[in-house]
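Participant: Between the sequences and the hints, there should be enough to build the whole structure, so can you do that?
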Amino acid sequence: GAGVSQTPSNKVTEKGKYVELRCDPISGHTALYWYRQSLGQGPEFLIYFQGTGAADDSGLPNDRFFAVRPEGSVSTLKIQRTERGDSAVYLCASSFGTSNTEAFFGQGTRLTVV
Amino acid sequence: GESVGLHLPTLSVQEGDNSIINCAYSNSASDYFIWYKQESGKGPQFIIDIRSNMDKRQGQRVTVLLNKTVKHLSLQIAATQPGDSAVYFCAETPYNQGGKLIFGQGTELSVKP
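Protein chains in written order, with the working numbering: chain A, 1 to 114; chain B, 1 to 113.
Since the hints were derived computationally from the structure, they do not count as laboratory data. Watch out, some of these pointers could steer you wrong.
[Unchecked claim] Calculated pairs, DSBU-like style, for lysine-lysine (alpha carbon to alpha carbon, straight line, at most 35 Å):
hint: 1; chain 1: B; residue 1: Lys56; chain 2: B; residue 2: Lys71
hint: 2; chain 1: B; residue 1: Lys71; chain 2: B; residue 2: Lys42
hint: 3; chain 1: B; residue 1: Lys68; chain 2: B; residue 2: Lys56
hint: 4; chain 1: A; residue 1: Lys78; chain 2: A; residue 2: Lys11
hint: 5; chain 1: B; residue 1: Lys112; chain 2: B; residue 2: Lys42
hint: 6; chain 1: B; residue 1: Lys42; chain 2: B; residue 2: Lys56
hint: 7; chain 1: B; residue 1: Lys71; chain 2: A; residue 2: Lys17
hint: 8; chain 1: A; residue 1: Lys78; chain 2: B; residue 2: Lys112
hint: 9; chain 1: A; residue 1: Lys15; chain 2: B; residue 2: Lys42
hint: 10; chain 1: A; residue 1: Lys15; chain 2: A; residue 2: Lys78
hint: 11; chain 1: B; residue 1: Lys68; chain 2: A; residue 2: Lys11
hint: 12; chain 1: A; residue 1: Lys78; chain 2: A; residue 2: Lys17
[Unchecked claim] Listed next, the stretches of chain A that the computed footprint assigns to chain B, with coverage defined by at least 3 CB atoms under 8 Å from CB atoms of chain B:
hint: 13; segment: 42–52
hint: 14; segment: 91–97
hint: 15; segment: 102–113
We treat Cβ as the ideally placed atom computed from N, Cα and C, and that holds for glycine.
Facilitator: Laid out in structure tokens, this is it:
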């Protein structure tokens, strides 16, 4: 079946603009995670959803970042007033549960803020 | 000044040799560990996992060893192939934190034909 799908694959935006990044998880996966990966580093946790609710948003760097998952499937990561430091690859992952189960990652969205 | 994080540890091996990639994890309360492989332009790909009640687990050409005393993980790849060239990350899941992954820095494996 289809894996985790992220769109767009690349996004270039101007400083100060608003962006939305979309994640389509694997069908039936209840848990969905967002990570951010800077060049040469491992992914850093941002937020995760169990169903529709954000169970842990402790990794969101500030209030410019927000994510939703209104129907418990597709999720959107929203970034307001983008800054050059927001440039990174944003990765989404999903898993069948949250207890010691394999998480499957999408290809990521490369965000560049100019 | 130096750019921290842009220089991954690297491991270069000859095709056919065995590779060992090491990782130190941070949280003694972590109860689940995973190795991921990441190729350029792609998301991390699951390789093998191990739970904290085990000290060794084997897959196809890969073995993960867990030493909880010193909080150390290793990934052994047998008969390394050019297709194994990638960045390898270990990740830990702290107990009761819903599957959130904490990734290590990563090691770049280069396989010479």
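Participant: Given the hinted pair lysine 42(B) and lysine 56(B), is their Cα-Cα distance within 35 Å?
Facilitator: holds (28 Å)
Participant: Just to be careful, I want the Cα atoms of lysine 112(B) and lysine 42(B) compared with a cutoff of 35 Å; is the pair within it?
Facilitator: Roughly 22 Å between the alpha carbons, so the hint for lysine 112(B) and lysine 42(B) holds.
Participant: Check the hint pairing lysine 71(B) with lysine 42(B) against an upper bound of 35 Å on the C-alpha distance.
Facilitator: Judged against 35 Å, a Cα distance of about 28 Å means the pair holds.
Participant: Can you confirm whether the C-alpha distance between lysine 56(B) and lysine 71(B) stays at or below 35 Å?
Facilitator: Holds - the C-alpha atoms of lysine 71(B) and lysine 56(B) are around 14 Å apart, at most 35 Å.
Participant: For the segment 42–52 of chain A, does the count of residues with a C-beta closer than 8 Å to a C-beta of chain B reach 3?
Facilitator: holds (count 6)
Participant: With a cut-off of 35 Å on the C-alpha distance, tell me whether lysine 78(A) and lysine 11(A) pass.
Facilitator: Within the cut-off at roughly 13 Å; holds.
Participant: When you check the alpha-carbon spacing of lysine 68(B) and lysine 11(A), does it fall within 35 Å?
Facilitator: Not OK: lysine 68(B) and lysine 11(A) at ~41 Å, beyond 35 Å, violated.
Participant: Taking 35 Å as the top limit, are the C-alpha atoms of lysine 68(B) and lysine 56(B) close enough?
Facilitator: holds (11 Å)
Participant: Regarding the pair lysine 15(A) and lysine 78(A), is the alpha-carbon distance no greater than 35 Å?
Facilitator: holds (14 Å)
Participant: Just to be careful, I want the Cα atoms of lysine 15(A) and lysine 42(B) compared with a cutoff of 35 Å; is the pair within it?
Facilitator: Holds, at about 26 Å.
Participant: Just to make sure I understand the rule, a stretch counts as covered if three or more of its residues have a C-beta closer than 8 Å to a C-beta of the chain. Does the segment 102–113 of chain A meet that for chain B?
Facilitator: holds (count 7)
Participant: For the pair we were handed, lysine 78(A) and lysine 112(B), check the Cα-Cα distance against 35 Å.
Facilitator: At roughly 42 Å apart (the allowed maximum being 35 Å), lysine 112(B) and lysine 78(A) break the hint.
Checked against the numbered hints above, the structure breaks hints 7, 8 and 11 and satisfies the rest.
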